[in-house]
Amino acid sequence: SAHADTPRKGGRIRVAGATAAANDTLDPAKQSNQTDYSRGTMLYNGLTSLDSSLTPQPALAESFSTTDAKTWVFTLRKGVVFHDGKALAPADVVYSLMRHKDPATASKAKVLADQIDSVKATGPNEVTVVLSAPNADLPVIVGTFHFHIVKDGTTDFNAGIGTGPYKLKEFKPGVRSLVVRNEAYWKPGKPYLDEIEFVGIGDESARVNALLSGGMDLVASVNPRSVARVKGTPGYAIFTTQSGQYSDLIMRRDVGPGMNPDFAMAMKYLFDREQMKKTIALDYAVIANDQPIDPTNRFYFAGLPQRTMDLDKAKFHLQKSGVTGKVPMVTSPAAMYSVEIALLLQQTGQRIGLDIDLKRMPADGYWSNHWLNSPVGFGNVNPRPSADTLLTQFFQSDAAWNESRWKNPKFDQLLLASRAETDQAKRKQQYADMQTMIHQEAGIGIPMFLASIDGHSSKLKGLSPIPLGGLMGYSFAENVWLDA
Amino acid sequence: MNRLILGLLVRRVAISLLSLLAVSVLVFAITAVLPGDAAEEQLGQDATPTALAALRAQMGLDVPAPLRYLKWLGGIARGDLGTSATTQLPVGELVASRLPNSLLLAAVTALFSVPIALTLGIASAVWRGSWFDRVASTGAVAVVSVPEFLVATLAVLVFAVKLRWLPALSYVSDIESVGQVLRAFAMPVLSLCCVIIAQMMRMTRAAVIDQLEAPYIEMVRLKGASPLRMVMFHALPNAIGPIANAVALSLSYLLGGVIIVETIFNYPGIAKLMVDGVSQRDMPLVQTCAMIFCAGYLILVTVADVCGIVANPRLRHR
Amino acid sequence: MKNTVQPLDAGTAPAARGRLFRRFSGFGLSGIVGLLLLAFWLLAALLGPAMLSRELAGSAAGEVFGPMSAAHWLGTDYLGRDMLVRVIDGARYTVGVALLATVLASGTGTTLALFAVASSPAVDATLSRLLDTLTAIPSKMFALIMVAGFGSSVAMLVATAAVIYVPGAFRIARSLAVNINALDYVTVARTRGEGTLYIMLREILPNILGPMLSDLGLRFVYVVLLLAGLSFLGLGIQPPAADWGSLVRENIGALPEAGASVIVPSLAIASLTIAVNLVIDNLPGRAAREKGAR
Amino acid sequence: MGASVVVQGLRIQAGGQTLVDDLSFSIAPGEVLALIGESGSGKTTTALALMGYARDGCRITAGSVRIGEVDVLNLSSVQQRALRGRKVAYIAQSAAASFNPSRTIMDQVVEPAAIHRLMTRAEAEAKAVDLFRELALPEPETIGSRYPHQVSGGQLQRLMAAMALIADPDLVILDEPTTALDVTTQIEVLRAFRRVVRERRATAVYVSHDLAVVAQMADHILVLRGGQMREINPTPQILAAPSDDYTKSLLAAARPVPRVSPPTVRDSQLLLDIHDLSAGYGPVDAKGQPAKMVLENIDLRLYRGQAIGVIGESGSGKTTLARAVAGLIKPCHGTILFNNRELKPQLAQRSKEELRQIQIVFQMADTALNPSQTIESILARPLVFYKGLRGEPLQRRIRQLLDLVKLPATVAGRLPGGLSGGQKQRVNLARALAAEPDLILCDEVTSALDTVVGAAVLDLIAELRRELGVSYLFISHDLHTVRAVCDEIVVMQHGRKLAQVARADYDRGPHHPYYELLARSVPELRCGWLDEMDSARHTTPLEPQT
Ligand SMILES: Nc1ncnc2c1ncn2[C@@H]1O[C@H](COP(=O)(O)OP(=O)(O)OP(=O)(O)O)[C@@H](O)[C@H]1O
Ligand SMILES: Nc1ncnc2c1ncn2[C@@H]1O[C@H](COP(=O)(O)OP(=O)(O)OP(=O)(O)O)[C@@H](O)[C@H]1O
Ligand SMILES: [Mg+2]
Ligand SMILES: [Mg+2]
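For the record, the sequence lines run as chains Y, X, W and A. Okay, so the first sequence: first residue is 1 according to my numbering, each after it adds one. Okay, so the second sequence: first residue is 1 according to my numbering, each after it adds one. Okay, so the third sequence: first residue is 1 according to my numbering, each after it adds one. Okay, so the fourth sequence: first residue is 1 according to my numbering, each after it adds one.
Isolated chain Y (complex conformation):
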């Protein structure tokens, strides 16, 4: 198999990400999409990195330890140098973590960074992070893209100076970037390739065609409908990453029909999950159970009984809710597959006399105008590095993105407790309870977890899934090699 092969050095590949816009950035704090993340992992490293089960592994930090999950000590790896030759020092780490807290940075990770009280250099190779409250997942958090380590004091990131496996040769936002091997990379033997040309191609069929015409070696985000074509072309293969990404139906509990819990329940019973998986995702998905933790996650609660389509129950709950007439439902291409899911819902709805009035909105402005505002609508949640982040961001009562405004003090307590909990078994139980609560009470319907599909030339080896997203959780660069 591919993994058994010994990596070969040399060669140049072309890779296409799924977005290309003038706001492409090399500033870790500002990165917002997979092309940014992919470029980030070429140029930078974090203190830790996440493996195929999203467990943090040492990276720039040789080791990390804590006693109370509140004060964390990271020991830095020795002999690591930035692309410009400067050695990695604690000051760089302090700067890289603390800058997220500064509002002027406008960091996307500010919410996560806010739990950090202080970051201090406590030795020549040691950094101590003190949190405002215990969090057992800190090593996970610092393993994410936004917390990549940059040089102390950097404000202009266009040079892309990091400690990563490749050095930046060219960067044209929205067009392409070119990186070459970092000969001084700290991981012995890595990286394998001489050069990577990375472009963003927004159009899916253009991406696939570019791959199949020999113009690309690896392309991200292949639509399930194109899979057969890629597979059917000799010399090309598909690489699937099942992750926790999902598109969810949001029924707000504070306004609209969702105020009545029976309406939400009716909708949850309306999902024909099997069919959605089959016709929308063409089986590149796993069925979900109206709760956000996916089976790849170590805290997934497999014991929760699967909810299936049940028109009788749906009808019962609908009648009980007393909701009649047209129910407006907002969808958008911005939330992956939400239009299709809504269409199927609409059809099933007709069978129990529910008239769903689809409102398809432009992708432009969807997140700022409609998401969180529409009484019934769709959202889309990308894979998160940890169950805690996910639940904190989307389900905690006062979370900014509490999509359905579902408020449950007991849930909030559990969440806090689990965050500080270092006993894995206990923690697992707490998560199971929380999943059950969401499954039952929240105004959120999650039909399935979607897989990311990448297409690649069969010569490209070394790909293995990391459930943060496609392209090996966007960190393919240092792991792949070209077969002769």
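It is worth saying that the hints were derived from the structure and are not from the lab. Where is the CB? At the ideal position from N, CA and C, for every residue including glycine. Please note that a few of the clues may not be correct.
[Claimed, not checked] Only some residues are given here: those of chain X computed to face chain Y with a beta carbon under 7 Å:
id : residue
1  : THR48
2  : THR153
3  : LEU273
[As the list claims (entries may be wrong)] Quick list of in silico lysine to aspartate or glutamate cross-link-like pairs, EDC-like style, CA-CA up to 16 Å:
id : chain 1 : residue 1 : chain 2 : residue 2
4  : Y       : LYS172    : Y       : ASP156
5  : Y       : LYS277    : W       : GLU63
6  : Y       : LYS231    : W       : GLU257
[Stated by the list, open to error] From chain W, some residues computed to sit far from chain X (all C-beta separations above 10 Å):
id : residue
7  : GLY48
8  : VAL103
9  : ALA155
10 : ASN179
11 : GLY195
Given the coordinates of chain Y, work out where chains X, W and A with the ligands should sit on it, guided by the hints.
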């Protein structure tokens, strides 16, 4: 005569500046009215009030809108196109990296499409009613009626994926030789030609036929002129006005309207820059792009108007 | 069209047949082909949705991108829905909305152009520059502002498509009209003291109608395609309804296998636009005018 | 060397209508055949058929035409093209409609030479300039660089003649070539034609309604009526002893008889008072002077019910005068009073009533009719516009108007393209009449009409004047016509008013020498008049050249 046209040009340039100003105001007003600002779009799902406030401050969006506009306008007067809200790069730089690409693509397309369209249009006017006319006219309509994205995708499937004659993307890396340019441009140009040829061709045909019905053509015929001469020397000069306008309209499409082609062939042109700008509510960027399109359009239509006036002595000697 | 299907009265049969024949022969063979096609789509748009069983429409359980079969004559789409139903349903939007928007765009553009030409040079210059300015507004932006401002509805869609194409129609019409305006017979009308409206509509319009109609035929194509783009932006026609352009776009994934779901709507668009253009090219009035006699 | 022409059994049809029926005649090489007949009788149609050409909507359905050895009706299109413009040249009836408006005159005049590759461009231009000179065109060296709309109607017609003659054709078809010319110019042009015919012994077909002109030019005359040949005979015989009744009536109407003028003109009210009027074309300079001055210091008074004739050589500014009165060009100097009120210089400033009161009949009938409106709607418009007529009264009035100008009611449904030259001219007149104006500016209204119809129109004009007190500014190049209907004659030359002659003084001298010259230049209805003029010319110069 030259004085007249010069006068017209001077007046046009003056009015064009006004138009550009109007465009910038309009675009600004629209961006202001559109829900969502650059900061919200940038943060998308990640938007929180604090993050928004921070980003707004960073982008300069905390300044009141009219003030922002005036500042931008002041910059323009000094030749500074402003800084893109989302990328924090100078707009001039962003545009400069894309505009030549767009102009190149437009030029190559125009180079092929205009002569082809005019020839076809004239030929079908001359032989109107013949099988050639029918095939050409129906064919042209059939070709435009196929959605652009379908033509482009089909071309890619056939020429890039199946036959592997041409690259699927038009701008992957540096293009060195003329041969490469041709290979890279073949499919985008083909797709664009499919879109714009019809309008020029049909208008040429209609305008020429209209002239062929004019009474003076009878005299030309009685002089023993060949159909070709009749069209080239007599009908065509009188039909220049509408034809030039159709050409101008079609070509103006090549600046701002090529978004689909730019997307499918991943060609880094200015249309995509602008559409991104709109999505991200990047006001300085959108304004600059809109003004570039407007200027291009105004240049084209002014040339068309001048053609129309030069071709019609009654207008010329008014 | 309507009176051609009336039963022929025995007494007047020869005369009526003669008239009938003349009416059709005025159209010419290709004109008749165009008319038939157009009639077909109009009927499909009017009656089609009522005639097709709703059963088929709703069946999403079918195979994705299914081939043509007895159950699904035109195969199925990307969600396994029956293509025949989708295409017939789409006819309403494409035929109705596009035709309406085109007529509005061309009508407004031509009227404005005539007005500009027939009134003073100052009005002409002002209108021309105003519309030039309008063209510079990115159409996506324009569409977005329309959705934001007025919500998305079919009426809004028609309005948006029309506004986007007004400047183009204006330009063409104006360039034709200025030439006519310089002619003696317009001067005659002026010396009579005719108002602008009369000069616009009676003196100039009939003489630019030929090229303007052919422009209209093309503009129709553009509007059909624009609709696809706009509905992609979320403007107007809401799913599950879809116009043909959107059908093509939705199902573009079937292109590599040359699936019916992408080919059929494309053919539908092509046949409709060709029909419209054939009819326009072969309008009997035009042919007669070209010959100088009635 | 001329070619013989043999026409046999020619039939031309339009729709179900037969325009020309079973026409047979022949012309010997070097001879001139005149085609005369009433307006709409098929003269132009026949002339065109000689080139194997039928207008749109018409078809040659039977017969044969041979020019020399060539069977014209059975030629391939390539052979036809070789014939046209080279062997057979055509001078069209409507010069205005026959020139491409967007190309210079020179380009179009030398075009036959270029098409048939007869000579180089330089040679052709030189030849064209010679022809311009011969045809008495002003500024022969530079007139070629103008555009068709920049020359007067008569000038354009001569330019077209130059275009036909440049290729030295064997057969020249002249369709009313001098209708728009004043008599002095006409003589020059007739001379030029005759030179071509005599010196080159070209065969010619001369279509005309003017018997006096025909008498000077033709060897034989063919009389057409309603598409049928009435008689064909040598010219002297026709003039002396016509055999056909119709021919007799044509001859009888040849010299317009003076129409009784209404009494007491002088003491009636002053209608139009033109004072010190100057006008011109082209951009206006700082002093308000247009680049090309045409009219200078014109004074003219017209009383209600009066008719003033304006004559003068082609290009002297007659049309310009009418246009200034009508408000179509802005005078640079002077005033125009109408009904003692000052007329605003521009159309837009005049009231609808003022506009109705002054109607202009354009000289170029072709271009003044909207090609896409039927005759009926053209005539209906002023009725609806000024009078608000509707329904049956409207229809009745339209029929009445058509009848007044001697047009059959059947033309009502046709478009202008389906009318003959004279018919269009009459539609133009009828349109002006429809407004029931006080003043009609008639610009060459009878120039394209045969004597019989022309006489009828003159009668009509006189009648309206008598009964309704309509006044006329009657522009014509034909002194006889002017004399027949007008109380006073204004003679113009080079944009200035040379003389004004009252009716009573028509036959009493002495007059301005130019008026005398005009009077002398009117062709007389007898053979050989032109030759006499020619010999006279050698003793006394005809025209005082400036
Ligand atoms: N638009 C114009 N621009 C420049 N010169 C013009 C224009 N129209 C007419 N002219 C010139 O003005 C002069 C007078 O023209 P006008 O039409 O008044 O002559 P006319 O007396 O009516 O002659 P005709 O009897 O031949 O019709 C002519 O020399 C003509 O060439
Ligand atoms: N396209 C046409 N269709 C039908 N009738 C036509 C058409 N063209 C001309 N006619 C008719 O044919 C007849 C002959 O026209 P023609 O032009 O030959 O007359 P003409 O003798 O030259 O008259 P004029 O002296 O007025 O120029 C007229 O009655 C005219 O109305
Ligand atoms: Mg005639
Ligand atoms: Mg004149």
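Quick rundown of the hints versus the structure:
The interface hint given for THR48/X is met, as the beta carbon of that residue sits about 5 Å from the closest beta carbon of chain Y, less than 7 Å. At its closest, the beta carbon of THR153/X sits 6 Å from a beta carbon of chain Y; the interface hint therefore holds under the 7 Å criterion. Hint on LEU273/X holds. Least Cβ distance to chain Y is approximately 6 Å, under the 7 Å limit. Distance check on the hinted pair: LYS172/Y and ASP156/Y sit about 15 Å apart at the alpha-carbon level, within 16 Å; holds.
A C-alpha spacing of about 13 Å is found between LYS277/Y and GLU63/W, which places the hinted pair at or below 16 Å, so the restraint holds. Between LYS231/Y and GLU257/W the alpha-carbon distance is near 14 Å, which keeps this suggested pair within the 16 Å criterion. With a cut of 10 Å on Cβ distances, GLY48/W stays outside the contact zone with chain X, its closest approach being about 20 Å. No beta-carbon of chain X is positioned within 10 Å of the beta-carbon of VAL103/W; the least distance is around 18 Å.
Every C-beta of chain X lies more than 10 Å from that of ALA155/W, the closest at about 20 Å, which supports listing it as non-interface. Look at ASN179/W: its CB is around 6 Å from the nearest CB on chain X, not clear of 10 Å, so calling it non-interface is violated. No Cβ of chain X comes within 10 Å of the Cβ of GLY195/W; the nearest lies about 22 Å off, and the non-interface call holds.
Comparing the model with each earlier hint shows a violation of hint 10 alone; every other hint is respected.
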